[in-house]
Each structure stands twice: as structure tokens, then as C-alpha cells.
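Participant: Sequence:
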Amino acid sequence: LQRVTTWLKKVFGNQPIPQYEVNEQTVDILCKLAEYNEARDTDVSLVIEGLKEWSKEYKAEGEFQAPVLSSIKVILSNPEDCLNLASMHIYIYIYTHN
Numbered sequence: 142l143q144r145v146t147t148w149l150k151k152v153f154g155n156q157p158i159p160q161y162e163v164n165e166q167t168v169d170i171l172c173k174l175a176e177y178n179e180a181r182d183t184d185v186s187l188v189i190e191g192l193k194e195w196s197k198e199y200k201a202e203g204e205f206q207a208p209v210l211s212s213i214k215v216i217l218s219n220p221e222d223c224l225n226l227a228s229m230h231i232y233i234y235i236y237t238h239n
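Numbering (this note's numbering), first residue to last: 142 to 239.
If you're looking for bench data, these hints aren't it; they were derived computationally from the structure.
Among these hints, one or two may not hold up.
[Stated by the list, open to error] Straight-line C-alpha distance at most 20 Å; calculated EDC-like pairs for lysine to aspartate or glutamate:
#	residue 1	residue 2
1	K150	D169
2	K151	E179
3	K151	D169
4	K151	D182
5	K151	D184
6	K193	E204
7	K150	E176
8	K193	E176
9	K151	E176
10	K193	D182
11	K150	D182
12	K150	E179
[As the list claims (entries may be wrong)] Ranges between beta-carbon positions, derived for each pair:
#	residue 1	residue 2	range
13	T167	A201	42 to 52 Å
14	S186	Q143	16 to 26 Å
15	V209	I231	17 to 27 Å
Bear in mind the structure is a predicted one, so any value in this text is a computation, not a measurement.
Each residue gets a CB set at the ideal place from its N, CA and C atoms; glycine is no exception.
Assemble the whole structure, with the sequences as input and the hints as a guide.
Facilitator: Given below as C-alpha cells:
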């Protein structure tokens, strides 16, 4: 009964706990509901932590790729530079594969 009361206080916060018939069946049902609710809270916390970790990884990847993407944007903004870069890559490829 103590566990159910503690859980109900947590759920309802400052609001009054609704009255219920205190018997073995209702206490058992509320105890199972409390266990389910606490397990769900744990699962949700794990999902949130996982999403925060993914967010950090994506941010780090974005910070890593930003200079590369900026360089590509600069190169592509000038067709002549793009053509020179392509020619240089072709030359390097031919030189290194012969």
C-alpha cells in the first residue's frame, strides 16, 4: 500500500489523490500500474538519452563536413575553377594509375 500511495502522490503532484476503495484487488491493480508506469518512464528516459547522443553525433558530423561543403560550394560557384579541379583530378588519376 505504501508503494501505491507514494506513486499516486508522484502522479498527482499537488492535486488531491482521488478516493478509491482500498482492498487487495485495487491495491494489486494500482501496484501493477505503478510498475508499468515506472518501467515506461525508464524506457522513455533511455530513448531520450539515445536521441541526445545521436544529436551530438550528427552535430559533430555536420561540423566536420561544413568546411568541405563550403569548399565545394565555392568551387561550384565558379565554373572555371570547377573545370580546373576536374582536370587536376583526371591528371592525378592518370599519373597514379600508370
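Participant: Next, verify each hint and record whether it holds.
Facilitator: Results for each hint:
no.	hint	verdict
1	K150 with D169	holds (17 Å)
2	K151 with E179	holds (11 Å)
3	K151 with D169	holds (18 Å)
4	K151 with D182	holds (13 Å)
5	K151 with D184	holds (18 Å)
6	K193 with E204	holds (16 Å)
7	K150 with E176	holds (15 Å)
8	K193 with E176	violated (26 Å)
9	K151 with E176	holds (13 Å)
10	K193 with D182	holds (16 Å)
11	K150 with D182	holds (16 Å)
12	K150 with E179	holds (14 Å)
13	T167 with A201: 42 to 52 Å	holds (51 Å)
14	S186 with Q143: 16 to 26 Å	holds (24 Å)
15	V209 with I231: 17 to 27 Å	holds (20 Å)
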